[in-house]
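Peer 1: Construct all of the structure, not just a fragment, from the sequences and the given hints.
Residue numbers (full-length UniProt numbering), protein chains in the order written: chain A, 1 to 297; chain B, 1 to 242.
These are computed hints drawn from the structure, not numbers from a lab.
Calculated lysine-lysine pairs in the BS3-like style (CA-CA distance at most 25 Å, straight line):
#1 B/Lys-59 to A/Lys-81
#2 B/Lys-183 to B/Lys-33
#3 A/Lys-158 to B/Lys-115
All of these numbers come straight from a predicted model, not from anything done at the bench.
Here's the letter readout for the chains.
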Amino acid sequence: MLQFILSGLAIGSVYGLIGMALAISFYVTRVINFAQGQIMMVAIMITATISSAGYSPWIAVILGLLSSCIVAVLSYVIAVKPILAFNRFSFGWLVSTLGFAVMLENAAAYLWGPTSRPFPAILNGYSIHIANAVLTGQQVLAIAVAIVFAAAFELVRKRTLYGKLGVAVATDPDMASAIGGNTTVVAIAAFAISGLFAGVAGILIGPSTFANPYLGSTYGISGFIAMMIGGGTEKPLSAMFGGLLLGVLANGANALIDSQASDWFPFLVLVIILIVTPRGLFSSGGFSFPRLMRRAR
Amino acid sequence: MSPLSNPALEISALSAGYGRFDVIRDVALRVGKGEAVALLGPNGAGKTTVLRAIMSLIKNRRGSIRIGDTDVSDFPPHRVASGYAAIAPEGRRLFTELTVEDNLVLGAFHLRHEKARVAALLASVYELFPVLLNYRQRRSSFLSGGEQQMVAIGRMLMSDPEILLLDEPSIALSPVAVGIVVKALLELRRRGASLLLVEQRVDIATQVCDRLYIMTHGEIVEEMTPDDIRRQGFDIINKYLG
Ligand SMILES: Nc1ncnc2c1ncn2[C@@H]1O[C@H](COP(=O)(O)OP(=O)(O)O)[C@@H](O)[C@H]1O
Ligand SMILES: [Mg+2]
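Peer 2: So, in C-alpha cells, the structure goes:
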C-alpha cells in the first residue's frame, strides 16, 4: 500500500511537471500546446546524445533543458503567435501545435532513428527505506524536484513584479498591455518556463524510459490529464496536485486491477472528475460537497 | 509655436473599428495641457472606441494621434502606456486576483526601475483616496464598486502619463461614491492633469470639464462649453443624447 503510493507520487511528480508545463503556457495565452510531450522528448534526446558523446551528465542535462526551452519558444513563435495574431479566439492552434508535435517527432526519429538510446543514470544505486517501502534515489529526486519547481513557480507568480504581470496578462491581456505590459514578451517567457518544466520532467523520467523519439505523446497525454483533473487551466499549481493524484491512481490501478490498468484507468478517473467538478479538483471552483449535491438535484 | 505649447492630446482624421467595420469615422479632437475635456454621447456612439484607439488597443485604425510632442499612432499599446496615456476603462477591469496595492504598482510598470518615483506616486494616490490605505493587501475583487473605481483611477495615475483617459467613471456607483470620484477629478485638475472624460452624465461633465464634445453614430457632431449649456439649458445637449 505505502509502496504504491510512494512510487505513485514519484511518477506523479513527472506528470505534474508536464501538467504544469501545459498549464503555464495556457495560463497566459489560453492555448494548449499539444507539442509539450515532444518538447520533453527533445530534452531527453539532447541530454542522451551529449552525455553519450562523453561529456559530463551535468553539462548534458543543462544543454538538454536549454534545448527544450528554445524549442518551446519556437513552438510559440511558429505555431501559436501567428494564429493568435490572425484571430485571438480562433482554434487554429489545435491544428498548429499538433502539427508542431508531429514535426518534432519525425525530425527526432529522422535524426536519431526509432530505437531507444541509453540515458545517463542520475542518482542510481541510492535507495531509501520508509517503513516497509523502498524508494530509489531517482524517485526521491523526482518528488523533491517537483516540489521545488512548483513552489518556486508559485513564489515568482505571487511575489515578484514580473509574476504579477503574468497574473495580469492571464486575467485580462488587453488591460495588461494598457498598463505597459508587453504581452508578446510575457507569452515568450511563459513558453520558455513551460519548456523548462517539460525538460525537467524529461530528465527525471529519462533514466527509466531511455531516449526514444516516440515517447512524447504518452507523457503529453498524462500531463494533459494531470492538468485537467487538477484544474490547472485556472491555476498552474493545481496541475501538480493533479499529477500526483494521477500517479497514485495509475499505480494503484496497476497493483490492484491488473498490470495494464494504468492505460485506461486514468481516463476513467478524468471523466468521473470532470463530471463531478468540471473545473478540476484543485481549482478555485474545485470540489466541494455542497456544490455536488446542488448539481445532483 | 514652441513644443511646450503642444496640446496634451491631438487627434485628427481618426477612423477605427472592429473587424472590417469602422465604428468611428474622421474624429478630430484636442485636449490642451491642463485642460479637461468631456466626450458625451448616447450608448453605442463610439466613445469607448475612441479611448481604445488612443491606447492602441484596436488594430484597425487610421489617422493620427499625437500626445505631447510625440506621434503615437504606430505605437503598440504597451508603449502608449509608458507615460503617454493611461486609462481607467469602462467596467474598471481591475486585476481581480491581485491586491489593491499590486494593481496600483502594476500601473507603474514602465517605471519599475525608478523605485523612488513609484513610491511617491503611490503616496499621492493614497492621498487622493485615503480609504484605500485600509485595503492595501486586500484582493481587489473584494472591494465595493466605488472603491474599485478608485483603484482603477489610481492605477491610471501610477504611470504618470501626459493624458488621462476616463471611461464613465461614475457609472453604477452610489451617489456618495460619485461624489468622491468627482472630487478626485477636480483635485487632479488642480494638480495640473490633462484629461479626457467620457461621461453619460452631463452634470458631471459640465462640473469637471472646460469643453465638451458630442459624439453620435461614430462622429463628433458638436463642440461646446459648460457656459453654453448654462446659458441655453440642457436641451441643446439632450437632443443628442436621446
Ligand atoms: N469588441 C467589439 N466588436 C465589435 N463591435 C464592437 C465591439 N465593441 C463595440 N462595438 C460596437 O461599436 C459601437 C460603439 O461602441 P462603443 O465605442 O463601446 O460605444 P460607447 O462607448 O459610446 O457606448 C457599438 O455599435 C458596438 O456595438
Ligand atoms: Mg462605452
